[in-house]
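Please put together the full structure from these sequences, using the hints given.
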Amino acid sequence: MNDERHVISVLVENKPGVLARVAGMFSGRAFNIDSLAVAPTADNSYSRMTIVTHGSEQIIEQIIKQLRKLINVVKVQDLTKGDYVDRELVLVRVKATAAKRAEVLRITDIFRGKVCDVSHDSITVEVSGTQSKIEAVLELLSPVGITELIRTGAIAIPRAKKTLKPTGNSE
Amino acid sequence: MAKINGAQILLRALKEEGVDTIFGYPGGAVIDIFDVMAREFSDVFKFILVRHEQAAVHAADGYARATGKPGICLVTSGPGGTNTVTGLATAYMDSIPVVVFTGQVPTPLIGNDAFQEADIVGITRPCTKHNYLVSNVEELARTIKEAFIISSTGRPGPVLVDLPKDVVQAKAEFEYPRTVELSTYKPTVKAHIPSIKRAADLIAEAERPVIYAGGGVITAGAHEELRALAEMTGFPVTMTLMGLGCFPGTHPLSLGMLGMHGTYRANMAVNHSDLLLAVGARFDDRVTGRVEGFAPEAKIIHIDIDPTSIQKNIGVEVPIVADARNALGKLIEALKKKGCSKANRDRLKTWHAQLTVWRNEQRLRFDRTSETIKPQYVVEKLYELTAGRAIISTEVGQNQMWAAQYYLFDQPRTLLTSGGLGTMGYGFPAAIGAQVAFPDKLVIDIAGDGSIQMNIQELATVAQYKLPIKIAILNNGYLGMVRQWQERFYDNVYAHTDMMAAPDFVKLAEAYGALGLRATTTAEVEPTIKKALETDGPVVIDFVVEREEGVYPMVPAGASITNMILV
Ligand SMILES: Cc1ncc(C[n+]2csc(CCOP(=O)(O)OP(=O)(O)O)c2C)c(N)n1
Ligand SMILES: [Mg+2]
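Protein chains in written order, with UniProt numbering: chain A, 1 to 171; chain B, 1 to 567.
Heads up, none of these hints are tricks.
One-sided excerpt, in silico: chain A residues whose CB lies under 10 Å from chain B:
| id | residue |
| --- | --- |
| 1 | VAL12 |
| 2 | GLU13 |
| 3 | GLY17 |
| 4 | ALA20 |
| 5 | ARG21 |
| 6 | MET25 |
| 7 | GLY28 |
| 8 | GLN62 |
| 9 | LYS65 |
| 10 | LYS69 |
| 11 | LEU70 |
| 12 | ASN72 |
To give an idea of the chain B side of the interface with chain A (calculated C-beta under 8 Å), a few residues:
| id | residue |
| --- | --- |
| 13 | VAL121 |
| 14 | GLY122 |
| 15 | ARG125 |
| 16 | PRO126 |
| 17 | HIS130 |
| 18 | ILE150 |
| 19 | THR184 |
| 20 | TYR185 |
| 21 | THR308 |
| 22 | GLN311 |
| 23 | LYS312 |
Since the hints were derived computationally from the structure, they do not count as laboratory data. Beta carbons are placed, not taken as given, at the ideal position from N, Cα and C, and that holds for glycine.
Pasting the structure below:
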């Protein structure tokens with residue numbers, strides 16, 4: 001039905017086992033995780049997770065409530081409800097014989113990517129951007145021959161002043 | 001300030017929490033705690049040594065359900081911890097405050113597959129409300145305080161605290177915090193007033209209302225408010241299995257239990273209602289049957305302290321996240337202000353007439369002329385002969401449903417039953433917990449022959465602590481509830497549900513020093529129960545009942561709840 005993509009930002013206490021609690025809640029309740037990225041915030045005692053998921057409105061509501069119910073979760077925000085910026089980083093290694101090299105570099109350039117590793121027969125480039133930008137660059141590179149691909153999953157931040165602050169969450 | 005070790009910190013903290021009873025089992029990883037307990041705290045705590053750690057958690061759970069206070073367990077690492085898992089999951093599903101302390105191998109050995117090491121925090125994460133590994137003795141006191149707060153507030157639940165042996169042996173200064181600020185945990189207790197007003201408006205207009213009350217009413221201690229609300233509005237009340245006792249079963253407004261084995265009138269009433277006031281109940285599949293067919297004409301008001309329970313299985317018009325007692329109190333105030341109670345009751349005359357029709361159409365019934373003992377008759381007689389004043393625990397299966405149908409619970413905290421997880425083997429240890437809490441009350445486990453064998457070893461615990469528990473086994477020689485499904489839905493193929501090879505329960509009781517009694521005919525039921533009730537010590541009664549009796553009404557799984565098989 002209306003299984004829309006949602007980007008959920010979760011502020012958690014930076015303690016052992018918290019990632020397992022979040023991931024376990026998703027798998028135990030059969031919710032989807034399309035991607036999950038996590039790292040400490042400016043304040044090292046908290047981490048921020050960006051979870052990309054999809055589901056009906058009712059499922060998304062449950063996901064958010066179940067996240068809030070976890071004791072180590074400080075704040076949960078469905079960024080898709082407002083304006084937000086999201087970025088993903090991809091490292092992609094392509095076959096690049098002398099003949100293809102120029103093409104790879106041109107595509108990388110168009111997407112404002114960077115070359116981060118080169119060998120005799122391959123080039124590794126990094127590109128960051130929205131999900132659709134990443135998808136576009138991969139589509140263009142795939143005829144050249146992608147041999148390895150690593151994506152970080154999206155990280156996202158709300159626009160303007162909706163920054164997550166560590167205040168209480170209700171059970 | 002003098003430093004004391006982790007074991008002393010733990011036990012002093014428990015004392016500060018007002019703990020009087022601990023259920024558990026010793027082992028290498030907790031030997032220091034047991035040592036301190038015996039040397040320094042023997043007059044503070046009553047320690048109940050069970051015969052299996054699963055029973056320790058069920059007993060703590062039974063203690064908690066009967067008293068409203070958290071139940072406490074102490075077990076060793078590895079197998080001691082893993083044996084608690086079913087108990088934790090049982091308490092988790094039914095929102096029971098239990099705090100379990102497990103021993104753990106010393107911190108330097110964690111992760112090394114050390115002797116009796118198990119990642120109990122990992123294992124129990126999905127079946128506890130929260131859990132902790134205490135890695136530093138300095139954190140111990142605060143962690144215990146947090147465990148008690150989390151376990152017993154909001155929607156209660158089990159909390160596990162894992163204690164590595166070196167932490168237990170290390171020393172620290174002890175000061176028990178009066179309270180701790182949990183910035184990430186703040187249950188919503190107070191109802192949102194505009195929602196209460198909307199609810200009051202719907203209540204004032206309803207013509208075919210039903211109150212659907214669950215275990216949350218008992219947890220919140222909201223039974224008096226519920227009764228006041230029902231009586232002022234004239235609204236009939238149906239209860240979930242977990243809710244039984246939150247409203248008097250003998251009250252003229254009680255419709256009895258609803259759901260899969262609910263009464264005909266409760267299920268009919270819910271499905272014809274135009275307003276459903278759900279309080280402390282969670283629209284479980286055993287209650288709703290096919291969700292699309294559940295209360296199709298009703299507007300729903302849903303009061304629950306757990307936001308995840310609301311809009312999970314069913315859409316509701318007025319969600320109210322709050323403690324049931326607070327919300328019902330506010331609702332009563334709002335209705336009083338509206339001054340609508342009298343008019344309200346007059347408007348419900350037709351509805352009450354219809355409820356009476358349904359009651360008379362189909363009452364709970366069984367063959368009263370049978371010479372072979374009908375299990376329902378046993379429960380009915382237990383009810384009569386105890387004047388409804390016993391604390392009843394149940395096992396799981398037909399015995400549980402007959403107990404729910406034929407014992408009328410007038411008081412909260414008098415039925416101890418595993419509702420959410422449906423744990424066979426729960427009832428007996430739960431009865432131990434209740435009996436330890438209330439030595440002078442009558443505690444009866446209504447059991448099945450299958451379930452009782454799952455924790456039968458606890459007869460030794462009962463003997464050791466001289467607990468006068470009565471166990472009434474409805475012995476049908478079958479895993480009866482499963483057999484009933486096989487009869488109804490699997491062409492009478494009784495695949496591995498025949499349990500005729502059972503011990504002689506009378507001799508078994510005697511082997512453990514309890515009194516064993518047996519009744520094999522209907523005429524023997526009453527005198528046998530009387531004899532059991534007159535006996536001071538523990539009694540096991542083997543009621544040899546009709547083998548293939550069924551529990552009715554029955555709503556097949558996934559069917560609409562008016563789709564009842566009546567007999
Ligand atoms: C631990 C556990 N295992 C399996 C089941 C599945 N089950 C539900 S009822 C039942 C039969 C119970 O038999 P008994 O205790 O004799 O009760 P009866 O239904 O005969 O009254 C079984 C096996 C369960 N509920 N719990
Ligand atoms: Mg049986």
